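Using the sequences and the hints given, assemble the complete structure.
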Amino acid sequence: MEFFLNHPILSLAWIACFVAIIVTYIQDRLSGINVIGNNMVGILINSQKGVVVDLRSLNDFRNGHITGAVHLLPTDIKTNNVGKIESYKDKPVILVNQDGLNLLDSGKSLTKQGFTKVYILKDGIAGWLTDNLILVKK
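Residue 113 in the UniProt record's numbering sits at position 113 of the sequence shown; the count goes up by one each step and never skips.
No wet-lab data here; the hints were simulated from the structure. Fair warning: this is a prediction, and the values are worked out from it, not measured in the lab.
Pairwise CB distance ranges, derived in the manner of DEER restraints: (1) 10 - 73: 38 to 44 angstroms; (2) 13 - 78: 32 to 38 angstroms; (3) 35 - 112: 15 to 21 angstroms; (4) 36 - 62: 20 to 26 angstroms; (5) 22 - 68: 34 to 40 angstroms; (6) 48 - 10: 45 to 51 angstroms; (7) 136 - 14: 47 to 53 angstroms.
Quick reminder that beta carbons are idealized off the backbone N, C-alpha and C, glycines included.
This is how it looks when you write it as structure tokens:
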């Protein structure tokens, strides 16, 4: 308690950081978008007829992607240009990029467009390769 009284600005900064972390965590949890591991991809594709949406560059996609993946760019999702996956609105849509980071905005955009089962692949293609899973080229 003495620390808080002697260092009010630093104390407020710590409290603000703590609140920001909690708010971000709660927002992520309430978004309805789940992060899944590699083992769930096959289950969602095979049992629920899901699709993998690869959000990397077209060149990266051509160099190797998960079997059956559809290529879109994050800008396509933001501009509602999702005709390639329109038929998957009630089926699992698994978002993938290189590292699994920064996909929440694309996921939120899809849910606003009516997609009901949006997932993010944890660790992206990098994690897929770390687990020695195959990529295909087209």
